[in-house]
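Trainee: So you can see what is in the structure, the chains are spelled out below.
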Amino acid sequence: MARREIPEINAGSMADIAFLLLIFWLVTTTIDSDEGVKRQLPPPVPPDMEQQEVKDGDVYNVRTNFRDELLVEKEVMSIGQLKDGAKDFLIATGTGLLHPERPNVTLGDDNMKYPERQWVRKSELILLEQSYLAAGQPKAAERVREKLTAIELFGGDYKELPGSALISLQTDRSTSYDLYLQVQNELEAAINELRDELSLAKFNESYAELEERYSRTKEASLLDKIKSIRLVFPQRISEAEPRDASQGYY
Amino acid sequence: MSKFKKNKKRESGAISTASLPDIVFMLLFFFMVATVLRTEEEMVKVVRPEASEIYKIEKKHLIRYINIGPPQDKRYGTEPVIQLNDQFSDVAQIRDWVENERLTLAEAEQTKMWVSMKVDQDTKMGVVTDVKQELRKASALKVLYSASSRERTN
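Protein sequence lines correspond, in order, to chains R and G.
Heads up: the first sequence is residues 0 to 249, going by numbering that gives the first Met the number 0.
Heads up: the second sequence is residues 0 to 153, going by numbering that gives the first Met the number 0.
Same shape as in the complex, but just chain R:
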């Protein structure tokens, strides 16, 4: 029997076919993108909760209306100014670290526009921690410990925001979602920039890098740094309970 010789098939075009498949796949798949601005919603408010008295200066009021305009601290503002406004609010009375107290900020005034930062002193904290431990309140002592760690890392005392200081955001039901997100974004950008600045000055590394590295390595020393920076610039953005503002707003 005569064997017929099988000719060799040219595989040169195989690559092209595979490329076609690859490109087809790349074009047709829609990749779910899971990125965005993260927020922790507040837990539902119990109906019998008492309204707390808050000093006027402690709250940075941001309101948006149906025409997508911003009213910040009772003044009209554009979205581009919001970040600087919020930064100003957080550092006006000085952090004791990088930001000196501004001379034109009047203190002790009822009409004060800014929250008054208070010194956190190492000597006082040590006494406080001991008294908490003696009273059997380990959790409170732990919080004091964190502040002491922060002072150690910063190499000096710092000024902390009063507990009631926060940025409050109230949106009208007719505000566009885009503006709402831009406001959220700018407020977060303000805090992140301050954190980055402080972190770069004290730890030679931006806050974002610290967080990124911590999420990979889970190093305790990194967490201490992150916590200390958060103590100086806590992220307190609150959203007011919604109310229908379409009537009698303006």
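Bear in mind the hints are in silico, worked out from the structure with no lab data behind them.
The beta carbon of each residue, even a glycine, is placed where N, CA and C say it ideally should be.
Incorrect hints may have been included.
Unchecked claim - Derived DSS-like pairs: lysine-lysine, alpha-carbon spacing no greater than 27 Å straight-line:
#1 R/K54 with R/K86
#2 G/K58 with G/K123
#3 R/K201 with G/K141
#4 R/K138 with G/K111
#5 G/K58 with R/K226
#6 G/K58 with R/K37
#7 G/K136 with G/K73
#8 R/K86 with G/K58
#9 R/K37 with G/K73
As the list claims (entries may be wrong) - Partner residues aside, some chain G positions facing chain R, computed with beta carbon under 8 Å:
#10 L27
#11 V80
#12 Y144
Use these hints to put chain G onto chain R, whose structure you have.
Mentor: Chain G only, in chain R's frame:
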């Protein structure tokens, strides 16, 4: 002297391209495995707003999606609607939905569920606020406002 002569042309054979298909196939398989496919059909049109303070969730299996926007199909009107899983839904259904979705997670991870809100940028806040209130009541407090990334403005 002659050591440095380079004039002599050495004939090199053509490079074999026989392994090229294998390489490309490997690429193809890599992409097929690495991409996470969108599991549910989008029934609403969503143009995501842009933001600079972007957070990326690493554990994708913890995310559940709420889409809000005008329906793709014009027959359902142009007003923004809420889409949960594969159907248009009412604000009142969100609490049940959260409960059900939570049960699909492992017990240890049920508190770690993320709700990613994909909201069209032209939507009015009224709907979004209602949804957020329902999420709070359902104790689904970790929310991601889906956005595409951009540079920080100065």
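Trainee: Tell me if the straight-line CA distance from G/K58 to R/K37 falls inside 27 Å.
Mentor: 14 Å, holds
Trainee: Given the hinted pair R/K86 and G/K58, is their alpha-carbon gap at most 27 Å?
Mentor: This hinted pair is violated, its Cα atoms lying about 32 Å apart.
Trainee: Hold the hint about G/V80 up to the distance rule: shortest CB distance to chain R must be less than 8 Å.
Mentor: 14 Å, violated
Trainee: Given the hinted pair G/K136 and G/K73, is their Cα-Cα distance within 27 Å?
Mentor: 32 Å, violated
Trainee: Mind checking the alpha carbons of R/K201 and G/K141 for me, to see if they're no more than 27 Å apart?
Mentor: Given that 27 Å is the threshold and the Cα spacing comes to 31 Å, the pair is violated.
Trainee: Using 8 Å as the Cβ threshold, decide whether G/L27 counts as touching chain R.
Mentor: 4 Å, holds
Trainee: Tell me if the interface restraint on G/Y144 is satisfied: Cβ within less than 8 Å of some Cβ in chain R.
Mentor: This hint holds: G/Y144 lies near chain R, its Cβ roughly 5 Å from the closest one there, short of 8 Å.
Trainee: Does G/K73 sit within 27 Å of R/K37, going by the straight-line distance between their CA atoms?
Mentor: Judged against 27 Å, a Cα distance of about 31 Å means the pair is violated.
Trainee: Below or equal to 27 Å on CA atoms is what counts here, so check G/K58 against R/K226.
Mentor: 23 Å, holds
Trainee: Going straight from one Cα to the other, do R/K54 and R/K86 come out at no more than 27 Å?
Mentor: 19 Å, holds
Trainee: Hint check: G/K58 vs G/K123, CA-CA at most 27 Å. Holds or violated?
Mentor: Judged against 27 Å, a Cα distance of about 30 Å means the pair is violated.
Trainee: Next pair to validate is R/K138 with G/K111; report whether the Cα-Cα distance is within 27 Å.
Mentor: 24 Å, holds
Of the numbered hints listed earlier, those contradicted by the structure are 2, 3, 7, 8, 9 and 11.
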